[in-house]
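A.B. asks: Position chain B relative to chain A; hints supplied.
What follows is the residue order along each chain.
Protein chains: 2
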Amino acid sequence: MGGPGLCCLASSGDRPVLYASGQSILIARLVVHRARDTTRLASIERSHISHFFCQVAEAALATQLKPHQEKSNFIIKTPKGTRDLSPEQMVVREKILDMVVSCFKRHGAKELDTPAFELKEMLTEKYGEDSGLVYDLKDQGGELLSLRYDLTVPFARYLAMNKVKKMKRYHVGKVWRRESPTIAQGRYREFCQCDFDIAGQFDPMIPDAECLKIMCEILSGLQLGDFLIKVNDRRILDGIFAVCGVPESKFHAICSSVDKLDKMSWKDVRHEMVAKKGLAAEVADRIWDYVQCHGGVSLVQQMFQDPRLSQNKQALEGLGDLKLLFEYLTLFGIAEKISFDLSLARGLDYYTGVIYEAVLLQTPAHAEEEPLNVGSVAAGGRYDGLVGMFDPKGHNVPCVGLSIGVERIFSIVEQRMKTFGEKIRTTETQVFVATPQKNFLQERLKLIAELWDAGIKAELMYKNNPKLLTQLHYCENTGIPLVVIIGEQELKEGVIKLRSVANREEVAITRENLVAEIQKRLSES
Amino acid sequence: MGGPGLCCLASSGDRPVLYASGQSILIARLVVHRARDTTRLASIERSHISHFFCQVAEAALATQLKPHQEKSNFIIKTPKGTRDLSPEQMVVREKILDMVVSCFKRHGAKELDTPAFELKEMLTEKYGEDSGLVYDLKDQGGELLSLRYDLTVPFARYLAMNKVKKMKRYHVGKVWRRESPTIAQGRYREFCQCDFDIAGQFDPMIPDAECLKIMCEILSGLQLGDFLIKVNDRRILDGIFAVCGVPESKFHAICSSVDKLDKMSWKDVRHEMVAKKGLAAEVADRIWDYVQCHGGVSLVQQMFQDPRLSQNKQALEGLGDLKLLFEYLTLFGIAEKISFDLSLARGLDYYTGVIYEAVLLQTPAHAEEEPLNVGSVAAGGRYDGLVGMFDPKGHNVPCVGLSIGVERIFSIVEQRMKTFGEKIRTTETQVFVATPQKNFLQERLKLIAELWDAGIKAELMYKNNPKLLTQLHYCENTGIPLVVIIGEQELKEGVIKLRSVANREEVAITRENLVAEIQKRLSES
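As they're listed, the protein sequences go chains A and B.
For the first sequence, the tail end lands on 525 under the numbering used here, and the numbers increase by one without skipping.
For the second sequence, the tail end lands on 525 under the numbering used here, and the numbers increase by one without skipping.
Just so you know, nobody snuck in bad clues.
With a cut-off of at most 20 Å between alpha-carbon atoms, the simulated SDA-like pairs for lysine to any residue come out as follows: (1) K166/A <-> L85/B; (2) K138/B <-> E179/A; (3) K105/B <-> G479/A; (4) K457/B <-> M99/A; (5) K393/A <-> I75/B; (6) K337/B <-> H294/B; (7) K393/B <-> I76/A; (8) K423/B <-> L85/B; (9) K166/A <-> G479/B; (10) K250/B <-> V274/B; (11) K95/B <-> S411/B; (12) K95/B <-> S220/B; (13) K77/A <-> K163/B; (14) K446/B <-> G333/A.
In short, the hints are calculated from the structure, not lab data.
Isolated chain A, as found in the complex (with noise of 0.2 Å):
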């Protein structure tokens, strides 16, 4: 104590906590603020805490530092893993979820939406090995709740809160998660979900597939290049763990390792399987040849003939399924982009049938290499079971459904936006209310409140008496494409010069005229 990387003290809420340099320097202003009382901090544990930090805090309170002092090592900052998004970066988002949520009208989905966070309780034993990464709240009285960590569980809570049996929504929010944030990837600890869902008892593997159809939609309409989409069945998955020998205790466990094939190789995998999870050797190598396997629909077909898995009976569920899946992929003309892949666990525990995950492929460099996973960028897959866990009685809802995942595409369009140079208009300001003269600030107000009344996106400057010359440079920076300029020759006529950024060019217009004529002018362009 009291080395280097101590600063200071303080008292949060009524315990006294000791806080170190770097990110806390910020909380010595709490000390010196709550020290006012001076009877508080005479009732600081003191064996807590160094006499001379009590000695700095009291020193600080006879000085009355002032405002800004107090703050010279005020570090600003968002939360550790979030951002803020910058007009620059908000209208790329707009429009990636303009495209999104077109595509899932299109597919006849209604909008939902579910609060922030929920009861703490509607939220456990619903992720598995990642419940520990869910933000719960303070209790401070109450109830206990936690941030939504997805949007699937809300959903589900909602179908079994109002009984309701069928149902297509989309929902777009955001969700948290406590992970090591990897930023350059696009992973965050608050992130946007934009979910497509479908509820409800029906024929085998339609909904599945137009879930399928909606991602490669998305995925061609946003054009962040070639794409494929991994498709295996938990029964499947199961039924190999179950043929290959893994006692049913360790199914979800060895589901796990699985899933981290696409991080991890083979030999970490397998020391995890067989070092941590103590699973066979031989085990474990009956696994790997299996889950090296991807394909097409003739894999689906090789593994019908498999000896061994074909005595599984959940596998053969399992694979019927698929085989379905894929008549009505054809159909829908995207077979080409789906790949049969018996790696593909996904992490989540509430999966029970069939399950996908979408990536996106780089061009190699050269061309006899395998095109690079360059990471997911959607997800889902069929989940029976989930609101069946809210039910009092148990009734279940059968589900399907996927999520985009926003973030990790604004970062691939923002960096090609970056690259290829690309300006983005922050503002959708049509008309600039402009003048060349002094005092003529009642006049541009009295014009600028027609132009809004009329519906015309417009602006001024905030100044009594601007110069002209910054007027018209504010409208070239920002992308303005037209000028109203008002002045004394003009008051007096009875008009209004309108001018066009792009080509400079000035027209008189009578007063009366001008919100036709600038209507008109930008239908034209």
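C.D. replies: Coordinates of chain B only, in the frame set by chain A:
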């Protein structure tokens, strides 16, 4: 303990859990939870819990209850003061938000987004008496975080953090406040705010007048009936307090009391001032003389003449600005919507100049009565000191802005739609793909993919053999205008039947003309 509040015992997943009504039972849950490991059960301090519960817990372990039995008293709900928005509500909400955002864009604002939570430190000392209503996140290791309480403080933090000196931005987002929810009035603990703010050093009252213009445009545009915007200035209030003899240390507390005048009688507010806040009774009565006043620009003139107030420098500054403001409001054509109201105080600590609040007026039952105030729907003001609270050197950026309280507006619009029995379409589907025959799924899937790929919003039934009548009823119930029908006859002839749901007319169209014909029909309607 162990009385009627105890309902059942459950094993959810592999962990035994006890559920019951009331809060004490939560403790029991924890106990049982730990009881999984019997050695651990033994280690529980039995002095803290009833022996009865331990017995229940042990019994539960032994009996292996089935999932649905476990949950018979599981209560599924959203957290207190929050709600889901159903598809019908989302349609209303999106309409209102579109209208608000298009007004913000008409005034040249850029969009910004900030995280749902901030470092706790960023929110302290910003909200005065309301600080206790901030939601904190649990300390899970790492930073101390709080959910944002409004969009204004994150905006000021953004400006300071990025050293932005000038910006006109809007932000639509949720905020969270631990208030007692009064849901009937549209007050929730989670609610959506629509904020517009202008930051920067400009000539006086021009941006302020634009904020009031925006409030008028939005409230008129939403057709919420008659409304009034009350305006005051923090400097005038401080001036009143000073000339009435309030000690400066009590300004904030007395301002808070004045703020309650729209909900409490003067008698009660006076009691709070005198009995609770230690103000001399004659000082309170002098304040009352002022805060009863309300009127138009003539009241500003009258206050300039006030023998006491005209001696106060701060009050004179505020009155001078209000005079200028009214001049601009007259040019904007909205002066008659504005009332200078000396009782308007606004709770939040950060306001420094002009403040305003829009209230809806209800036409009274009797002509001689005054219109009824049915609550505030928008508010805002000038906060020139807030950015400086974040800046390490205390550099300020003057700001003025407004916030639209959309939840209350939702309630009003929803109520109105119910009254008028308006039916809301929750999907935008344009075409339904139907068949009168069995075994036509393949043809339907091929056809609908064609429509989707042409950008047409289309649906079909997820059944192999749906009944034609069911398909047509679905279109009538959900408002889908067109049906495309394919059967054996049509397939043979290479045509499709196109049916208008409204008049039930059907025409045959060749397959290659279908998309063009649908697009023509949709553009005409």
